[in-house]
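**Q** Protein chains in written order, with the working numbering: chain A, 2 to 287; chain B, 11 to 331.
Simulated from the structure, these hints should not be mistaken for laboratory data.
Hints are not guaranteed to be accurate.
If you only want the chain B side, here are some residues facing chain A, beta carbon under 7 Å, derived [what the hints assert, rightly or not]:
#1 Tyr123
#2 Ala125
#3 Val257
#4 Ala268
#5 Pro316
#6 Val319
#7 Gly321
Selected chain B positions facing chain A (in silico; Cβ < 8 Å) [to be verified]:
#8 Ala110
#9 Leu119
#10 Gly121
#11 His122
#12 Ile126
#13 Ala127
#14 Ile129
#15 His138
#16 Leu261
#17 Ile308
Simulated pairs of lysine-lysine, DSSO-like, Cα-Cα distance not exceeding 30 Å [to be verified]:
#18 Lys83(A) x Lys163(A)
#19 Lys83(A) x Lys168(A)
#20 Lys169(B) x Lys37(B)
#21 Lys88(A) x Lys203(B)
#22 Lys161(B) x Lys37(B)
#23 Lys143(B) x Lys265(A)
Ideal Cβ positions, reconstructed from N, Cα and C, are used throughout, including at glycine.
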Amino acid sequence: MSEQLLAQLINGLLIGCMYSLIAIGLTMIWGVMNIVNFAHADFLMIGMFTSFWLYTLYGVDPLLSIPVCGVLLFLLGWIIYKFVVSKVMTGPALAQVVVTFGVSIFIANAAVFLWSPDFRMIEKPLLQGSWIMGPVRLSIPKAVASIGSIAITLALFLFLRKTKTGKAILAVEMNRSSALLMGINTERVNALSFAIGSSLVGIAGAFLSMYYYIYPQVGGTFGLLSFCIVALGGFGSIEGAFIAGILIGIVQTLGGYYFDPAYKYAIVFALYLVTVWIRPQGLMGW
Amino acid sequence: MKKPTVLQAVFYAALLAALLAFPLVVKGTFPTHVMIMVFLFAMMGVAWNILGGYAAMFSFGQAAFFGIGAYTSTILLMNYNVNPWIGLVAGGVLAALMGAAIGIPCSNLRGHYFAIASIAFAEIVRIHFNNWKFVAAAEGLSLPLLPDSLKNFMFHSSKAPYYYIILVFLLLSVLICWYISTNRMGFYLRAIKESHELAKGMGISFVRYRLYAIMISAFLTAMAGTFYAQYILYIDPESVLILPISVQVVLVAMLGGAGTIIGPVIGAAILLPLSEITRVWLGYKGTGVDMMIYGALIMVISAYQPQGVWGYLTSIRRRAK
Numbered sequence: 002m003s004e005q006l007l008a009q010l011i012n013g014l015l016i017g018c019m020y021s022l023i024a025i026g027l028t029m030i031w032g033v034m035n036i037v038n039f040a041h042a043d044f045l046m047i048g049m050f051t052s053f054w055l056y057t058l059y060g061v062d063p064l065l066s067i068p069v070c071g072v073l074l075f076l077l078g079w080i081i082y083k084f085v086v087s088k089v090m091t092g093p094a095l096a097q098v099v100v101t102f103g104v105s106i107f108i109a110n111a112a113v114f115l116w117s118p119d120f121r122m123i124e125k126p127l128l129q130g131s132w133i134m135g136p137v138r139l140s141i142p143k144a145v146a147s148i149g150s151i152a153i154t155l156a157l158f159l160f161l162r163k164t165k166t167g168k169a170i171l172a173v174e175m176n177r178s179s180a181l182l183m184g185i186n187t188e189r190v191n192a193l194s195f196a197i198g199s200s201l202v203g204i205a206g207a208f209l210s211m212y213y214y215i216y217p218q219v220g221g222t223f224g225l226l227s228f229c230i231v232a233l234g235g236f237g238s239i240e241g242a243f244i245a246g247i248l249i250g251i252v253q254t255l256g257g258y259y260f261d262p263a264y265k266y267a268i269v270f271a272l273y274l275v276t277v278w279i280r281p282q283g284l285m286g287w
Numbered sequence: 011m012k013k014p015t016v017l018q019a020v021f022y023a024a025l026l027a028a029l030l031a032f033p034l035v036v037k038g039t040f041p042t043h044v045m046i047m048v049f050l051f052a053m054m055g056v057a058w059n060i061l062g063g064y065a066a067m068f069s070f071g072q073a074a075f076f077g078i079g080a081y082t083s084t085i086l087l088m089n090y091n092v093n094p095w096i097g098l099v100a101g102g103v104l105a106a107l108m109g110a111a112i113g114i115p116c117s118n119l120r121g122h123y124f125a126i127a128s129i130a131f132a133e134i135v136r137i138h139f140n141n142w143k144f145v146a147a148a149e150g151l152s153l154p155l156l157p158d159s160l161k162n163f164m165f166h167s168s169k170a171p172y173y174y175i176i177l178v179f180l181l182l183s184v185l186i187c188w189y190i191s192t193n194r195m196g197f198y199l200r201a202i203k204e205s206h207e208l209a210k211g212m213g214i215s216f217v218r219y220r221l222y223a224i225m226i227s228a229f230l231t232a233m234a235g236t237f238y239a240q241y242i243l244y245i246d247p248e249s250v251l252i253l254p255i256s257v258q259v260v261l262v263a264m265l266g267g268a269g270t271i272i273g274p275v276i277g278a279a280i281l282l283p284l285s286e287i288t289r290v291w292l293g294y295k296g297t298g299v300d301m302m303i304y305g306a307l308i309m310v311i312s313a314y315q316p317q318g319v320w321g322y323l324t325s326i327r328r329r330a331k
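Here chain B stands alone, though its shape is the one from the complex (with noise of 0.2 Å):
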């Protein structure tokens, strides 16, 4: 991995600055509202690269995680009282191990045989939820209100407060993945997803570092579930384990450009303010305008420009070189 040039450094640094001040000059509380879901999905965007971009397993089930992550904090919040930011970890820590409990029978599955799985393990998930009486099935749960405090993980004067959070945890987000990347395991993924034959033939143990991969992946997908229950305050199985949000994960992946760092934070710049003012402008009689939009927005990416916005770049840079 090479050093960022001076350029490069000023260019991040700006961004950063100016991403540090928006809530600040920006008021209303649509736009925050609208940068909230481009980090939120970027964090999941950059999780899922994780597991497709790096490993090739592509998984269509991350609202299994998510939903996991969002229901856990929530029935620990509501049931025991216990803190959201340990219910944070909790989440993640049992997200993880239902990552590796359905990553092991997985584990020899390749592409369109891992998504139909995943999509599989999802909807088990999800029907369970919508049936089990412990977490009030189908009719959800909604959040006790506690007073605004960091430590209460709880904001109801602005949103603010949320934008920085998941602020941080997509930057922590970056990092793992950029760390991951640059190291031993980054380069047995990619070596696992170039040939899985061959990466056996040189012994690098298949199974553990697909197994890690998705334990990483959802423990960060997790973190976002516990976010976004803290942050809407009401969850249901309709709302935090279908298919759909599976699916953007993916997309906002793709459409920065699978396989890079960066790439899933350009796909959720791109498509959720996209979808959001779609949804608001077009959507609100239901009549599905807004996504058909979104679907043939995928039909052209993946036809016409699936390396995805990033990759695109990169190779225009490539060929000025």
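This is chain A alone, in the form it adopts within the complex (with noise of 0.2 Å):
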């Protein structure tokens, strides 16, 4: 029983890295600009698609398509910002709401509309098969994309608490008024923001076409996912994300073992509303 235990502790895990990678790119853009793009797991759609075109057109490994899918999805996101959410950042709140909502439907869609519905998979990446270990079966690809989206949680990190612009970043997040008079453009903050939160989410995107299916409305589940994990985390806190991805990642398995597979994201949000019920700002928000 306990070696079980294990095993689903450990696949909460890894699928909690992936969840994490996804959320903080999340995060970024809700704790600068205090908005929440409803659109970031189309964008996931978007980099697993960009994985697999590269991969079935050109047979270049989902591995190779990480950088692409990082820069793709930083240009995609800065055109959204520039044309679709930066016209809402005075506007009435519900705009701010609704913005997103529209940006993911359209987008979504158009993958409807461009490559069908189906469900297909990357056949033959570099990276396959599981370690075993004992009872413990580690699977290579969400492995690797775990360590793959850690490592790239400590570079975000860095960059936010080393170089100037990640501390301009960080200082618009803090108090958006201070940092203006301070001359920092907070238009061009927002904008690098936004992008690299898309960014982070292409990345993920890749990671994930390893081993998932990828379809236009793989977004939906992920997308809110993501959101309870932001939320739990609190009000634009990496660190916040990052752990409460991997709580989340853990819950769900266990209570999709334990309970019932069919309610495992029915847990999760539960757990959501309990957690925000008792601290409204979420585990590690102020």
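Put the two chains together into one complex, using the hints given.
**A** In structure tokens:
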């Protein structure tokens, strides 16, 4: 029994790392601009499809698509910010909530239109199979994706703490008007944070494409989970999102295993509701 | 609230007369169907507006109340032979209680946090109904066919009776919303919207009025759900409990103008024909084009006309004066 538990815990941890990488991009955008990007998971889908088409058309392995996805989604994020999101920054609160829903519906259905709603998979990625260590079967692509997601989280952390641009982003997150008074170009910081957040989720998409089905509506569940992770971790807190992502991965796996697999997401949402009831600002928020 | 002028009174009377005459003049089922959908979503938009427009609780979980209404009356009818009109009230009461149950933990949440909590709640309900044997899980329920009558809430020969019923429901919702907005509760809700702290400082029981708003909104939305079940005669979790329904309700209110009484009705009158017609014309192959137009429309409205159509008209009128 305890071996089973260990296997489930490790599985949850691996899923959790992936969730963390998806959620930190979202929490960054949320923290800096106070905007929830409901299209975030559709950017994930774009990342997955980019990796899929590079593999199918040119034989590029998903591992090599990672930087391509990062750059492509960076540009897409920048464009979406400039032409859509920046227009609502001073608008009513409701417009800020709804605008990215529009982006999400548009992107997901554009993908249906272009590539049909079929499920696809990358047949033979470089990384496949699993390591078997006693009772634990460790899927290699999942393990590599998890290590990659931890590395990228650390890199983001260093970027925000050590570079001038990173510090500017943190300053805007703390207090927009003071940052503006200190001579920080807040508009540029907005665009940059949106682009970096999108880029991170694009990278997550490339990782995910190594072992997950690829289809236009793939964003649905990942999107809802990442909102819960971000709110659970606390407003704009990258550490919070990282911890909450792993927590939710583990809760989901254990809940699915011991209770009922059909209810694994329901358990996660219930956990979210209970947490915000007790701590409306989330685990690490202030 | 100022009294309507003679001109306005004449306008509203003429509009009402035109709406009453519509099914008698226009033949064919499709236009009547589109009008029924307009009224249905206008009603839900009005109900959402009590929450989102006046109290700034942006609920993206209205589908949960809609589905609870649809399922309650249907289960009562199928398993216990309860009249759908009683089922309608029962569904409304159950949805209001659910609203209160979810409203208490969410009562301190604002903005995005409330929006996400409402999605989480609606998703739990959807997942549960998808797996709950008692309500036939994902298979869905087909309503038993009863003879045509107002008492049975079922009409097979014509859509006109459904049209009049949903029109009455809509008028009722508009009246309730108008009553709330011109009375104490409306002012309290708007005060809470402006500033939580200030409203609290003035001694407004913040949680209580938010709960009232959720319960009223849930009741009306559940009524719409029962109507939908009686009209379509088949329900399953993927047709009454999904997020796109909640999103459409928000859009209807926002397009017309959130926080105004008549806004959601205008929003529904624009959005529903558009989505029904594009669906019939373009969406039959599942190409996604209809939803692409829909998504683009949302982006354009929120980025360039976030006050909605009614807000735009009001601002023009103010400028003219």
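**Q** The structure should be examined with respect to each hint, and the outcome stated for every one.
**A** Verification of the hints:
Residue-level restraint check for Tyr123(B) holds (minimum Cβ-Cβ distance to chain A is 6 Å; threshold 7 Å). For the restraint placing Ala125(B) at the interface with chain A, the shortest Cβ-Cβ distance is roughly 6 Å, inside the 7 Å limit, so the hint holds. Given the 7 Å rule on beta carbons, the hint for Val257(B) holds: about 6 Å separates it from the nearest Cβ of chain A. Because the closest C-beta pair between Ala268(B) and chain A is about 5 Å apart, less than 7 Å, the hint holds.
This hint holds: Pro316(B) has a C-beta 3 Å from the nearest C-beta of chain A, less than the 7 Å allowed. Interface hint status for Val319(B): violated, as the beta-carbon distance to the closest one in chain A is roughly 14 Å, over 7 Å. Taking 7 Å as the C-beta cut-off, the interface hint given for Gly321(B) is violated, the closest approach to chain A being about 9 Å. Interface restraint check: Ala110(B) against chain A, minimum CB-CB distance 14 Å, threshold 8 Å, status violated.
Annotation: interface hint on Leu119(B) holds; nearest CB of chain A at approximately 6 Å, less than 8 Å. Nearest Cβ of chain A to the Cβ of Gly121(B): about 6 Å, under the 8 Å cut. The hint holds. For His122(B), the shortest C-beta to C-beta distance to chain A is roughly 5 Å, which falls under 8 Å, so the interface hint holds. Because the closest C-beta pair between Ile126(B) and chain A is about 5 Å apart, less than 8 Å, the hint holds.
Using the Cβ-Cβ criterion of 8 Å, the hint placing Ala127(B) at the interface with chain A is satisfied: the shortest such distance is roughly 6 Å. Hint on Ile129(B) holds. Least Cβ distance to chain A is approximately 6 Å, under the 8 Å limit. Look at His138(B): its Cβ gets to within about 6 Å of chain A, closer than 8 Å, so that hint holds up. Satisfaction of the interface hint for Leu261(B) is found here, the shortest Cβ-Cβ separation to chain A being roughly 7 Å, below the 8 Å cut-off.
Because the beta carbon of Ile308(B) sits about 3 Å from the nearest beta carbon in chain A, less than 8 Å, this interface hint is met. Of the pairs offered as hints, the one joining Lys83(A) and Lys163(A) holds, with about 27 Å between alpha carbons and a cut-off of 30 Å not exceeded. Restraint check: the Cα-Cα separation between Lys83(A) and Lys168(A) comes to about 22 Å, which is no more than 30 Å; the hinted pair holds. As the CA atoms of Lys169(B) and Lys37(B) are separated by approximately 11 Å, the hinted pair is consistent with the 30 Å bound.
Of the supplied pair hints, the one linking Lys88(A) and Lys203(B) holds, its CA atoms being roughly 23 Å apart against a limit of 30 Å. The hinted pair formed by Lys161(B) and Lys37(B) meets the criterion: a straight-line CA distance of about 25 Å does not exceed 30 Å. For the suggested pair Lys143(B) and Lys265(A), the alpha carbons sit about 18 Å apart, so the restraint of at most 30 Å is met.
Hints 6, 7, 8 from the earlier list are contradicted by this structure; the remaining hints agree with it.
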